[in-house]
Every structure is written in C-alpha cells, then in structure tokens.
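The listed protein sequences derive, respectively, from chains A and B.
Residue numbering for the first sequence is 1 to 88, as defined by UniProt numbering.
Residue numbering for the second sequence is 1 to 88, as defined by UniProt numbering.
No wet-lab data here; the hints were simulated from the structure.
All values reported here derive from a predicted model rather than from experimental measurement.
Don't take every hint at face value.
When chains are identical, the list treats them as one kind, so a pair holds in a single copy or across two.
Result set (DSS-like, lysine-lysine): computed pairs, CA atoms no more than 27 angstroms apart in a straight line [stated by the list, open to error]: (1) 68 x 10; (2) 63 x 10; (3) 31 x 68; (4) 53 x 23; (5) 5 x 63; (6) 68 x 9; (7) 5 x 68; (8) 23 x 68; (9) 30 x 63; (10) 53 x 9; (11) 53 x 10; (12) 9 x 63; (13) 31 x 9; (14) 31 x 63; (15) 9 x 30.
There are 2 protein chains.
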Amino acid sequence: MARQKIQIKKIDNITARQVTFSKRRRGLFKKAYELSTLCDAEIALIVFSATGKLFEYSSTSVKQVVEKRNLLSENLNRLDRPSLELPV
Amino acid sequence: MARQKIQIKKIDNITARQVTFSKRRRGLFKKAYELSTLCDAEIALIVFSATGKLFEYSSTSVKQVVEKRNLLSENLNRLDRPSLELPV
C-alpha cells in the first residue's frame, strides 16, 4: 500500500502539528548528520518551533559554520556578485 | 524489492560522493522547507560542500534566525543552564 501524499501547507490542528514537528525535526536532523558524514560537508541547522523553542545541529559548531558563512557572504557582496547559489 | 541499507561513513569515491551530496542536499533542503511550512517553524540551514561551496536555506532569513539563536544562547548562558536541547 502506498502512502498518501500530503499537501505542504500549515497543519491546522495544533496537536497534529506538534506531533509532525517532533517526527520531522528528528528526521531532518538525522538527514543533516548523514549528509555531513557521507559527503564530508560542514553543516549548521537551526530550528525554532512555532512555540519558540530552539533546536540545533552542527557537524562542527553552529558558531564556526555561521562565521564561515558570514565571511563568505561579505566577500561575495564586495565582489558585487548578484547572489549565492540558493537551491530549492 | 527493498533498498539496501548503506553505512553512514564518508564515501571514498569522489564522484560518488559528489553525486550523493547533490541528491541528499536537495532532499535536505526540501525537508527543511516542508518542516517550516507544515509546522510553522523558523529554520536556517547552512551547508558547505567538501570543496567549500556554500548552500543555504531559510524560511525567513539566515541572518534573522542566527541573530535570534545567538540572543537565546547568550541568555541561556547567563542563566547558567547547562546546555540547549540538542536532538540527534
């Protein structure tokens, strides 16, 4: 039996939304860890729940990745490059 | 036919690692977008490839999420809380 596709829009039911948040957050952190390990990537992931609770993951440290990112962004701006490569 | 499980360790073959990086990065960004939309979460995701290329996603702006996170971290440190909740 195939799983049903769900629509990607905000879940109205608060309880269902919190359950989905817990499950998918866990999945997202796992995928981030796997990507960093398999492909030697450096990752920082920051998640705030709808209630403002903070969850974070980094393959090294969030601070370090953010600083590296800011440095690169500044350089790119200085070189007048239109934008970073933004997937999705 | 079930998919084979893979071992989570660095992929030795460079080409295979790059292919896996592209595919899994795409998947990770998609999952981050879905989590933010479904559950009204605020997310920043920063990924550096092994070659130092930057990819990023945010439901709002990376800068905004990072600043919110830094503010909260500072407050937590000031209150002498041992650590944030770190899933995985």
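Against the structure, the hints come out as follows:
1. In this assembly of identical chains, residue 68 and residue 10 lie within 27 angstroms of each other by CA distance solely across copies; the values are 22 angstroms between and 33 angstroms within a copy.
2. Proximity of residue 63 and residue 10 under a CA criterion of 27 angstroms is satisfied inter-copy only: 23 angstroms between copies versus 30 angstroms inside one chain copy.
3. Both within a single protomer and between protomers do residue 31 and residue 68 lie at most 27 angstroms apart by alpha-carbon distance, with minima of 22 angstroms and 24 angstroms respectively.
4. Taking CA atoms no more than 27 angstroms apart as the test, residue 53 paired with residue 23 passes inside one copy only; the shortest distance there is 15 angstroms, against 30 angstroms between copies.
5. For the identical chains of this complex, residue 5 and residue 63 are neighbours neither inside a copy (37 angstroms) nor across copies (33 angstroms), given an alpha-carbon limit of 27 angstroms.
6. In this assembly of identical chains, the alpha carbons of residue 68 and residue 9 lie at most 27 angstroms apart only when taken from different copies (24 angstroms versus 33 angstroms within one copy).
7. Taking the shortest alpha-carbon separations for residue 5 and residue 68, neither the intra-copy value of 38 angstroms nor the inter-copy value of 33 angstroms comes in at or below 27 angstroms.
8. In this assembly of identical chains, the alpha carbons of residue 23 and residue 68 lie at most 27 angstroms apart only when taken from different copies (24 angstroms versus 30 angstroms within one copy).
9. Taking CA atoms no more than 27 angstroms apart as the test, residue 30 paired with residue 63 passes in both settings, with 20 angstroms inside one copy and 24 angstroms between copies.
10. In the homo-oligomer, the alpha carbons of residue 53 and residue 9 lie at most 27 angstroms apart inside one protomer (21 angstroms), although the nearest pairing across protomers, at 31 angstroms, exceeds that limit.
11. Within a single copy, residue 53 and residue 10 get their C-alpha atoms as close as 18 angstroms, which meets the 27 angstroms cut-off; across copies the closest is 32 angstroms, which misses it.
12. In this homomeric assembly, residue 9 and residue 63 come within 27 angstroms of each other (Cα to Cα) only across copies, at 24 angstroms, whereas the closest approach inside a single copy is 31 angstroms.
13. Taking the shortest Cα distances, residue 31 and residue 9 sit within 27 angstroms of each other both inside one copy (22 angstroms) and across copies (13 angstroms).
14. For the identical chains of this complex, residue 31 and residue 63 are neighbours both inside a copy (20 angstroms) and across copies (23 angstroms), given an alpha-carbon limit of 27 angstroms.
15. For a Cα distance limit of 27 angstroms, the shortest separation of residue 9 from residue 30 qualifies both inside one copy, at 23 angstroms, and across copies, at 13 angstroms.
Violated hints, in rising order: 5 and 7; the structure is consistent with all others.
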